[in-house]
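Based on the hints, put chain V in the right spot on chain E.
Chain by chain, the residues:
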Amino acid sequence: MVRNPSANRAQFRPTDHPNESFLLTTVVGSYPKPKWLNRADELVEDPDSKFDDDDLEEAHDDACRLITHEHERAGLDTVVDGEMRRNEMVEFFAERIDGYEFNGPVKVWGHNYFDKPSVVEDVAYDEPWLVDEFAFTTNVAERPVKVPITGPYTLGFWAFNEAYPSTEELVYDLADLVNEEIEKLVEAGARYVQIDEPALATTPEDHAIVGEALDRIVSGIDEDVRIGLHVCYGDYSRIYPEINDFPIDEFDVELCNGDYEQIPTFQDPEFEPDLALGVVDAHTAEIEPVEEIKANIRQGLRVVPPEKLTISPDCGLKLLPREIAYGKTENMVEAARQVEAEIDAGEIDLDAPLADD
Amino acid sequence: MTERVAATPGIYPLPDWAKGTLSDLKGHQKGDLLSGDEGGEIAETYDEVRAEFVDDQLEAGLDRVVEGEGRWDDMIAHPLTVHESVETGGIVRYYDNNNFYRDPRVVDDLGFSGDVAAELEAAADLIAGTDAGDAPLAATLPGPYSLATLATDEHYGDEGAFQAAIADFLAGELEAFPAHETLFLLEPSLVTNPPADGTEERATDAIATVAGATDADVVVQTYWGALDEKLYAHLVDEADADALGLDLVAGDRDDTVYNVQEYGATDSVSLGLVDGQNTLIEEPETVAERVEWFEGQVPAADFETTYLTPNTELFYLPENKYRAKLNALAAATEVLE
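From first to last, the protein sequence lines stand for chains E and V.
Each residue of the first sequence is one higher than the last, beginning at 12 in this note's numbering.
Each residue of the second sequence is one higher than the last, beginning at 70 in this note's numbering.
These are calculated hints, taken from the structure and not from any lab test.
We treat Cβ as the ideally placed atom computed from N, Cα and C, and that holds for glycine.
It is possible that part of the hints are untrue.
[What the hints assert, rightly or not] Chain V is faced by these chain E residues, among others (derived, beta-carbon under 7 angstroms):
{"hint": "1", "residue": "W120"}
{"hint": "2", "residue": "S129"}
{"hint": "3", "residue": "T213"}
{"hint": "4", "residue": "Y271"}
{"hint": "5", "residue": "P275"}
[Claimed, not checked] Using C-beta positions, here's what the derived DEER-type ranges look like:
{"hint": "6", "chain 1": "E", "residue 1": "I335", "chain 2": "V", "residue 2": "I111", "range": "23 to 33 angstroms"}
{"hint": "7", "chain 1": "E", "residue 1": "E272", "chain 2": "V", "residue 2": "G89", "range": "33 to 43 angstroms"}
{"hint": "8", "chain 1": "E", "residue 1": "E281", "chain 2": "V", "residue 2": "F181", "range": "54 to 64 angstroms"}
{"hint": "9", "chain 1": "V", "residue 1": "Y327", "chain 2": "E", "residue 2": "E132", "range": "50 to 60 angstroms"}
{"hint": "10", "chain 1": "E", "residue 1": "D57", "chain 2": "V", "residue 2": "A230", "range": "52 to 62 angstroms"}
{"hint": "11", "chain 1": "E", "residue 1": "E303", "chain 2": "V", "residue 2": "D101", "range": "22 to 32 angstroms"}
{"hint": "12", "chain 1": "E", "residue 1": "A199", "chain 2": "V", "residue 2": "E352", "range": "45 to 55 angstroms"}
{"hint": "13", "chain 1": "E", "residue 1": "E272", "chain 2": "V", "residue 2": "D200", "range": "55 to 65 angstroms"}
{"hint": "14", "chain 1": "E", "residue 1": "E318", "chain 2": "V", "residue 2": "E352", "range": "55 to 65 angstroms"}
{"hint": "15", "chain 1": "V", "residue 1": "E361", "chain 2": "E", "residue 2": "E132", "range": "27 to 37 angstroms"}
{"hint": "16", "chain 1": "E", "residue 1": "E358", "chain 2": "V", "residue 2": "D101", "range": "30 to 40 angstroms"}
Same shape as in the complex, but just chain E (with noise of 0.2 angstroms):
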């Protein structure tokens, strides 16, 4: 059963707004890192250099802030703060959870590894995951900050399970956890928290899993508190309608990278939660032109109507170089504006949205 997206979508609408239309723009929430902070992350390391941990908090501090203000300078309605301090995104949460450990990393493709950590015993909240990374994104930015939180289906799936009869019991017990943690989230100011589970990609016949879990989540979360779900790159026919029974407020996906082709699978039976749709390719290096993003824009209203659309790219966009993911960004902010403005002049037929009028 999906949450209430009409409560607390309005609190993100600009009270400078340009248009009548609001599409909510966001980004799904890592970003690249300066150069410069790689440099720093790998001193710190280094025995013999004496840029010590109180030297990398002020590079992190410093990185956030930019980027957070790389984001608003792009336009977008919500920013986050690109994930700067995060390393990976199973490996950030598994270091401040009590019951895992980690023995090294393992292989993901090619040369591309992650230090995926094992669950040894009950996993239990030891100290804040996010709350301090909140309060200083909060701190600096103009804008309302959206906190992308890795999911317990994915931190519990993509970790070795030594301690738990099985991994589902696992991901239940996560869940309490990251209910605990939005919890305190809130207490901070917190109203919008995106729970990234790309692993539900993986092993789609889980989805009941997921929505046992996102109920755990969201128990005592008031509706003015946006929740969303973002998974990416999958055959989205398998858990689809069945995400219309989910807790959620808004549904993040990567349709671009696919060239759209499963938007016919969102359009039958009706799309409950608001749609977060991924217009820009997070896979690409190439800076699609506004009008090109425009179009895909269109896609999106094909499932839900303007008030139910949010406009974010396909995924996070760490990979990119970090000029790509900026021109992207700021195209794609202008692409929303644009086809904003054309829905208020009666430009676009709500009803045949990819019909040139």
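Quick look at chain V alone, frame taken from chain E:
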């Protein structure tokens, strides 16, 4: 009296030092991966990796020594991705894992390559230079059915012809191998993506083509659950395998036992007993109990050899845990003695 043999179906994780070194030498991108004609520092690094793999196995006391396939950037698709008649396409998912490999697109006749044979020659030389110079070598190859399903045919034009061509290619490679005691043919697709009804024989013919090209004992290693009953029966009768490899870790092991009880078994059997995808290290006694449990479930079967193996390749694991799994398998055979 059943002989218990501790062995592994190849593909080990690179040591951590080599992960960094090779990443620096080769790069991270699709175009930077192995093409089969590497030389210089890259080749020397792989030589060091191979020597470490051989030492790991000898130290653990395994009964078969594999080369370890450190060069196999694309996991079991490797023999194709380095072939001159193959172009590599996009990055595609390796089964339902969070692992990816380059899509091998076969664009011309699959002639002889010799890539895997050269690896095995190097491993045989290494073994010969150790105190355990007579340690038996085991070779690892993808099974023809799985390799065909993991690849894209842009040349042969017909599924059956493609599978047969892959089988002929693998058989040709095998003929160039140095002496080896055992051949592991890795066939996970038989479980995850089984042949369509009525095409089982085509798959078993392909496997038999490869098995017929070596004098070694051939283990057709399946994993990620139980085989379909009918396919299992075909494999036992037609694949020309000395042993079928059966996964007792993933999926429902009772289904696997049922297959053996109902349709008989190959003369030998290979059991996936330790979890190749979990860092939890099984005690040798636990592994031994699993062997005895399985053998007890099928009392009519009197296996010539029972291979004690991980249920999958071990490249999924961090370096320290991979070594611990080798030790657990080798120690389990001692428990059973």
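Results for each hint:
1. W120: holds (4 angstroms)
2. S129: Holds - the Cβ of E:S129 comes within 7 angstroms of chain V, reaching about 4 angstroms at its closest.
3. T213: E:T213 check passes; min Cβ-Cβ to chain V is 6 angstroms, inside 7 angstroms.
4. Y271: violated (18 angstroms)
5. P275: Violated, because the Cβ-Cβ distance from E:P275 to chain V comes to roughly 23 angstroms (cut-off 7 angstroms).
6. E:I335 x V:I111: 23 to 33 angstroms: Holds, since E:I335 and V:I111 (Cβ atoms, about 30 angstroms apart) stay within the stated range.
7. E:E272 x V:G89: 33 to 43 angstroms: holds (39 angstroms)
8. E:E281 x V:F181: 54 to 64 angstroms: Between E:E281 and V:F181, where Cβ atoms are some 58 angstroms apart, the hint holds.
9. V:Y327 x E:E132: 50 to 60 angstroms: The hinted range 50 to 60 angstroms is violated for V:Y327 and E:E132, with Cβ atoms some 35 angstroms apart.
10. E:D57 x V:A230: 52 to 62 angstroms: Cβ of E:D57 to Cβ of V:A230: about 57 angstroms, so the range 52 to 62 angstroms holds.
11. E:E303 x V:D101: 22 to 32 angstroms: Between E:E303 and V:D101, where Cβ atoms are some 30 angstroms apart, the hint holds.
12. E:A199 x V:E352: 45 to 55 angstroms: Taking Cβ atoms as reference, E:A199 and V:E352 lie about 46 angstroms apart, which means the hint holds.
13. E:E272 x V:D200: 55 to 65 angstroms: Check passed, 60 angstroms falls within 55 to 65 angstroms.
14. E:E318 x V:E352: 55 to 65 angstroms: With Cβ atoms ~60 angstroms apart, the hint holds.
15. V:E361 x E:E132: 27 to 37 angstroms: holds (30 angstroms)
16. E:E358 x V:D101: 30 to 40 angstroms: Violated: the Cβ-Cβ distance is about 47 angstroms, outside 30 to 40 angstroms.
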